[in-house]
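S.K.: Residue numbers for the sequence shown follow the working numbering, beginning at 1 and rising by one.
Hints should not be assumed to be uniformly reliable.
With a cut-off of at most 20 Å between alpha-carbon atoms, the simulated SDA-like pairs for lysine to any residue come out as follows [as the list claims (entries may be wrong)]: (1) LYS66 <-> LEU76; (2) LYS357 <-> LEU178; (3) LYS66 <-> THR130; (4) LYS357 <-> LEU204; (5) LYS357 <-> PHE198; (6) LYS165 <-> ARG206; (7) LYS165 <-> ARG152; (8) LYS66 <-> LEU81; (9) LYS357 <-> THR283; (10) LYS357 <-> THR252; (11) LYS357 <-> LEU268; (12) LYS66 <-> PHE97; (13) LYS66 <-> GLY269; (14) LYS66 <-> ARG152; (15) LYS165 <-> GLY217; (16) LYS357 <-> VAL78; (17) LYS66 <-> LEU83; (18) LYS165 <-> THR205; (19) LYS357 <-> ARG206; (20) LYS165 <-> PRO181; (21) LYS66 <-> PRO203; (22) LYS165 <-> VAL175; (23) LYS357 <-> LYS165; (24) LYS165 <-> PHE97; (25) LYS165 <-> ILE102; (26) LYS165 <-> LEU131; (27) LYS165 <-> PHE198; (28) LYS165 <-> LEU204; (29) LYS357 <-> TYR249; (30) LYS165 <-> SER195; (31) LYS357 <-> PRO279; (32) LYS165 <-> TRP123; (33) LYS357 <-> LEU232; (34) LYS165 <-> THR130; (35) LYS357 <-> GLN253; (36) LYS357 <-> PHE207; (37) LYS165 <-> ALA212; (38) LYS357 <-> GLY217; (39) LYS357 <-> PRO203; (40) LYS357 <-> LEU76.
No lab work stands behind these hints: they were computed from the structure. These figures come from a predicted structure and were not determined experimentally.
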Amino acid sequence: MSAIMSVMQLQNYPVRSNHRGNLVWCMDMQLLFATLALLCLSWVMVSSASLDYAFQTTGDAFYFSKRHGLYVLLSLGVAALILNIPYSRWRRIDVAFLVVAILLLVIVLFPHIGRRVNGSQRWLGLGFMTLQVSEIAKCAAIVFFAGYLVRRREEMRSSYWGFFKPFLVLGLLAVLLLLEPDFGATVVIGASTLSLLFLAGAPLTRFLPLLALAIVGGGFLAVSESYRLARLLAFVNPWEESVMYGSGYQLTQSLIAIGRGEWHGVGLGHSVQKLFYLPEAHTDFVFSIWAEEAGLAGCVIIIGLFGLMIRRMFVIGRLAADRNEHFGALVAAGLALVIAYQAFINMGVASGLLPTKGLTLPFISYGGSSLMMSVVMSAMVLRLSFENRQAAKPHVGMP
Numbered sequence: 001m002s003a004i005m006s007v008m009q010l011q012n013y014p015v016r017s018n019h020r021g022n023l024v025w026c027m028d029m030q031l032l033f034a035t036l037a038l039l040c041l042s043w044v045m046v047s048s049a050s051l052d053y054a055f056q057t058t059g060d061a062f063y064f065s066k067r068h069g070l071y072v073l074l075s076l077g078v079a080a081l082i083l084n085i086p087y088s089r090w091r092r093i094d095v096a097f098l099v100v101a102i103l104l105l106v107i108v109l110f111p112h113i114g115r116r117v118n119g120s121q122r123w124l125g126l127g128f129m130t131l132q133v134s135e136i137a138k139c140a141a142i143v144f145f146a147g148y149l150v151r152r153r154e155e156m157r158s159s160y161w162g163f164f165k166p167f168l169v170l171g172l173l174a175v176l177l178l179l180e181p182d183f184g185a186t187v188v189i190g191a192s193t194l195s196l197l198f199l200a201g202a203p204l205t206r207f208l209p210l211l212a213l214a215i216v217g218g219g220f221l222a223v224s225e226s227y228r229l230a231r232l233l234a235f236v237n238p239w240e241e242s243v244m245y246g247s248g249y250q251l252t253q254s255l256i257a258i259g260r261g262e263w264h265g266v267g268l269g270h271s272v273q274k275l276f277y278l279p280e281a282h283t284d285f286v287f288s289i290w291a292e293e294a295g296l297a298g299c300v301i302i303i304g305l306f307g308l309m310i311r312r313m314f315v316i317g318r319l320a321a322d323r324n325e326h327f328g329a330l331v332a333a334g335l336a337l338v339i340a341y342q343a344f345i346n347m348g349v350a351s352g353l354l355p356t357k358g359l360t361l362p363f364i365s366y367g368g369s370s371l372m373m374s375v376v377m378s379a380m381v382l383r384l385s386f387e388n389r390q391a392a393k394p395h396v397g398m399p
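Make the full structure from the sequences, and use the hints.
M.R.: Written out as structure tokens, the structure reads:
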């Protein structure tokens, strides 16, 4: 856990007392604020980005806005349940959680069970919503690997076999995700797992062969499918005439939207690119529409909220490590990394920094599965912050 201790900054929680002298212990207010602020902004952003598309396809301009509002309420309800689950229970069911996620990844591949959209079979129909099983797999993978790294800490540090055993599980997850295919989720889970191993104290020299393998494997996967190669070529030169109206169409339209936003944006609801120019305007590219309507100032707000959230998650994990709750510390760090990597990739794709990849923006993009699991991740860390405060309570002098 020494790596975690050096990466995360220790901060003291504010403690306030009431007139009776009793201590009031609550969850981390900064993380709670960032979560609720992102949820509120997501409703505004999805509503604005989807108005015209919703009216054209359903006849109800607020169709996606209403559904997203229901997803927000449902997510908050699930979060309330998660907040009541102690970390000791998560540690006991980490393997079972992963097994459930793997079974869902297998089931979604069966014809007539998994729902295929745009060439990818990633969703299970639940009637009122569709479940994207890769979102559950991200959370399950972090919980499992955190438990493994706590149980096998010395073996992981002292032997190559102990270090490489987690990659058997990671390889199975990667194969199932690539069969959907979901290359974006594979990258997020792989990067988060590698980072978690580093934070848990794995020797740095053992990462060098993995880094080389990741570069070679990633390059092979990028060129093994024609659509991936086309996206890569579009990223290199999206403004080439043969690319701009083909594989680079989404990227060029996204860049036009961001460019139109300038400093303060064109105003909420006044986006031009959402008028059927930019596909997936309320899902994968909702950040581009926000950049057009709110400008650089709005982008700074979104990035600032993500920064606050990720920082607080690391701080909460650091405090858990201080009280020897290493499982909770690793879970908090892992979930922070999942959110950080996915947000970075989504915004990087929208701004042309990274090749086009179908990843949602956590807490923001339209979609029940992504929104719900993002809120669940935040709720799990909020629960850990509550346990940190409860554990520190006997050591605080009464006023």
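S.K.: Look at each hint and say if it fits the structure.
M.R.: Status of each hint after checking the structure:
{"no.": "1", "hint": "LYS66 <-> LEU76", "result": "holds (16 Å)"}
{"no.": "2", "hint": "LYS357 <-> LEU178", "result": "holds (13 Å)"}
{"no.": "3", "hint": "LYS66 <-> THR130", "result": "holds (16 Å)"}
{"no.": "4", "hint": "LYS357 <-> LEU204", "result": "violated (29 Å)"}
{"no.": "5", "hint": "LYS357 <-> PHE198", "result": "violated (26 Å)"}
{"no.": "6", "hint": "LYS165 <-> ARG206", "result": "holds (13 Å)"}
{"no.": "7", "hint": "LYS165 <-> ARG152", "result": "holds (10 Å)"}
{"no.": "8", "hint": "LYS66 <-> LEU81", "result": "violated (23 Å)"}
{"no.": "9", "hint": "LYS357 <-> THR283", "result": "holds (12 Å)"}
{"no.": "10", "hint": "LYS357 <-> THR252", "result": "holds (14 Å)"}
{"no.": "11", "hint": "LYS357 <-> LEU268", "result": "violated (26 Å)"}
{"no.": "12", "hint": "LYS66 <-> PHE97", "result": "violated (31 Å)"}
{"no.": "13", "hint": "LYS66 <-> GLY269", "result": "holds (17 Å)"}
{"no.": "14", "hint": "LYS66 <-> ARG152", "result": "violated (47 Å)"}
{"no.": "15", "hint": "LYS165 <-> GLY217", "result": "holds (19 Å)"}
{"no.": "16", "hint": "LYS357 <-> VAL78", "result": "violated (28 Å)"}
{"no.": "17", "hint": "LYS66 <-> LEU83", "result": "violated (26 Å)"}
{"no.": "18", "hint": "LYS165 <-> THR205", "result": "holds (17 Å)"}
{"no.": "19", "hint": "LYS357 <-> ARG206", "result": "violated (29 Å)"}
{"no.": "20", "hint": "LYS165 <-> PRO181", "result": "violated (24 Å)"}
{"no.": "21", "hint": "LYS66 <-> PRO203", "result": "violated (49 Å)"}
{"no.": "22", "hint": "LYS165 <-> VAL175", "result": "holds (16 Å)"}
{"no.": "23", "hint": "LYS357 <-> LYS165", "result": "violated (29 Å)"}
{"no.": "24", "hint": "LYS165 <-> PHE97", "result": "holds (18 Å)"}
{"no.": "25", "hint": "LYS165 <-> ILE102", "result": "holds (17 Å)"}
{"no.": "26", "hint": "LYS165 <-> LEU131", "result": "violated (30 Å)"}
{"no.": "27", "hint": "LYS165 <-> PHE198", "result": "holds (15 Å)"}
{"no.": "28", "hint": "LYS165 <-> LEU204", "result": "holds (17 Å)"}
{"no.": "29", "hint": "LYS357 <-> TYR249", "result": "holds (13 Å)"}
{"no.": "30", "hint": "LYS165 <-> SER195", "result": "holds (16 Å)"}
{"no.": "31", "hint": "LYS357 <-> PRO279", "result": "holds (13 Å)"}
{"no.": "32", "hint": "LYS165 <-> TRP123", "result": "violated (29 Å)"}
{"no.": "33", "hint": "LYS357 <-> LEU232", "result": "holds (10 Å)"}
{"no.": "34", "hint": "LYS165 <-> THR130", "result": "violated (33 Å)"}
{"no.": "35", "hint": "LYS357 <-> GLN253", "result": "holds (15 Å)"}
{"no.": "36", "hint": "LYS357 <-> PHE207", "result": "violated (26 Å)"}
{"no.": "37", "hint": "LYS165 <-> ALA212", "result": "holds (18 Å)"}
{"no.": "38", "hint": "LYS357 <-> GLY217", "result": "holds (17 Å)"}
{"no.": "39", "hint": "LYS357 <-> PRO203", "result": "violated (32 Å)"}
{"no.": "40", "hint": "LYS357 <-> LEU76", "result": "violated (28 Å)"}
In summary, the numbered hints that this structure violates are 4, 5, 8, 11, 12, 14, 16, 17, 19, 20, 21, 23, 26, 32, 34, 36, 39, 40.
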